[in-house]
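Asker: Just so we're aligned: 79 in our numbering is position 79 of the sequence shown, and the numbers increase by one with no gaps anywhere.
Rather than coming from a laboratory, the hints here were simulated on the basis of the structure. Don't take every hint at face value.
Derived DSS-like pairs (lysine-lysine); straight-line CA-CA distance at most 27 Å [claimed, not checked]:
| no. | residue 1 | residue 2 |
| --- | --- | --- |
| 1 | 176 | 58 |
| 2 | 111 | 135 |
| 3 | 51 | 201 |
| 4 | 111 | 201 |
| 5 | 172 | 111 |
| 6 | 30 | 201 |
| 7 | 172 | 116 |
| 8 | 109 | 155 |
| 9 | 176 | 111 |
| 10 | 109 | 201 |
| 11 | 192 | 51 |
| 12 | 135 | 116 |
| 13 | 102 | 201 |
| 14 | 58 | 201 |
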Amino acid sequence: MAFELPALPYANNALEPHFDAQTMEIHHDKHHAAYVNNLNNAVLGTDADGKTIEELVKNAGKYGAVVRNNGGGHWNHAMFWNWLSPTGGGAPSGDLAAAIDKDFGSFEKFKEEFGKAAATRFGSGWAWLIVQNGKLAVSSTPNQDNPLMDVAEVKGTPILGLDVWEHAYYLKFQNKRPDYVAAFWNLVNWTKVAELYAASK
1 MAFELPALPY ANNALEPHFD AQTMEIHHDK HHAAYVNNLN NAVLGTDADG KTIEELVKNA
61 GKYGAVVRNN GGGHWNHAMF WNWLSPTGGG APSGDLAAAI DKDFGSFEKF KEEFGKAAAT
121 RFGSGWAWLI VQNGKLAVSS TPNQDNPLMD VAEVKGTPIL GLDVWEHAYY LKFQNKRPDY
181 VAAFWNLVNW TKVAELYAAS K
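Given only the sequences and the hints, what does the whole structure look like? Please build it.
Answerer: See the structure below:
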């Protein structure tokens, strides 16, 4: 069963004015599509063939750089589109909000820590909110790695991630990554994050 590019759950222009339509179109139709195609080619006829994307990601160290990079790219982006919503933004509620207050001190302190992880990740990579041993933590990974991987420095279950590769923001924000991070908070799908948090327990 070949891996497939999932459709965006909204129109390319649905996240305007925060994320522009052209970036969304290129990011999904070109970048994510390339990860899927490269992954399908990489696993063909190998012992990675027939494995789920979760199995490939969790055992990324076993399958080599091409599967690690493209498998991570596919998993990360498939999740990323669902962490964004035209009706997103604001603040979380319920159990998730309580956990953020408990583990970070406040929602504002969490945003500060997450924003720092995103802004200071050198080169390309991702910032993450993860569940680790029942507690929330912030981390970042290089390239298309994620905290599920056996090779991750900081391991955990990702419940929110932000792509900080330049292709995710350069057309609109140029070199101003912190402005992109600020725009992201207007789009976060807290319902999805809360679902993942509940499932992680």
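Asker: Does each hint hold? Answer for all of them.
Answerer: Okay, the hints, checked on the actual structure:
1. Between residue 176 and residue 58, the direct Cα distance comes to roughly 32 Å. Violation of the 27 Å bound is thereby established for this hinted pair.
2. Proximity of residue 111 to residue 135 is assessed by CA-CA distance (about 16 Å); at most 27 Å being required, the pair is judged to hold.
3. With a CA separation close to 25 Å, the supplied pair residue 51 and residue 201 stays within the 27 Å bound.
4. Our distance criterion of 27 Å between C-alpha atoms is met by residue 111 and residue 201, whose separation comes to about 22 Å.
5. The hinted pair formed by residue 172 and residue 111 meets the criterion: a straight-line CA distance of about 22 Å does not exceed 27 Å.
6. The suggested pairing of residue 30 with residue 201 is violated, with an alpha-carbon distance near 35 Å, which exceeds 27 Å.
7. Restraint check: the Cα-Cα separation between residue 172 and residue 116 comes to about 20 Å, which is no more than 27 Å; the hinted pair holds.
8. Taken as a hint, the residue 109 and residue 155 pair is honoured in the structure, with Cα atoms around 22 Å apart against an allowance of 27 Å.
9. Of the pairs offered as hints, the one joining residue 176 and residue 111 holds, with about 17 Å between alpha carbons and a cut-off of 27 Å not exceeded.
10. Among the hinted pairs, residue 109 with residue 201 is consistent with the structure: their alpha-carbon atoms are about 23 Å apart, no more than 27 Å.
11. Between residue 192 and residue 51 the alpha-carbon distance is near 25 Å, which keeps this suggested pair within the 27 Å criterion.
12. The straight-line distance between the Cα atoms of residue 135 and residue 116 is roughly 19 Å, inside the 27 Å bound, and the hint therefore holds.
13. Note on residue 102 and residue 201: the hinted pairing holds, with a Cα-Cα distance of about 16 Å set against a maximum of 27 Å.
14. The suggested pairing of residue 58 with residue 201 holds, with an alpha-carbon distance near 18 Å, which does not exceed 27 Å.
Hints 1 and 6 from the earlier list are contradicted by this structure; the remaining hints agree with it.
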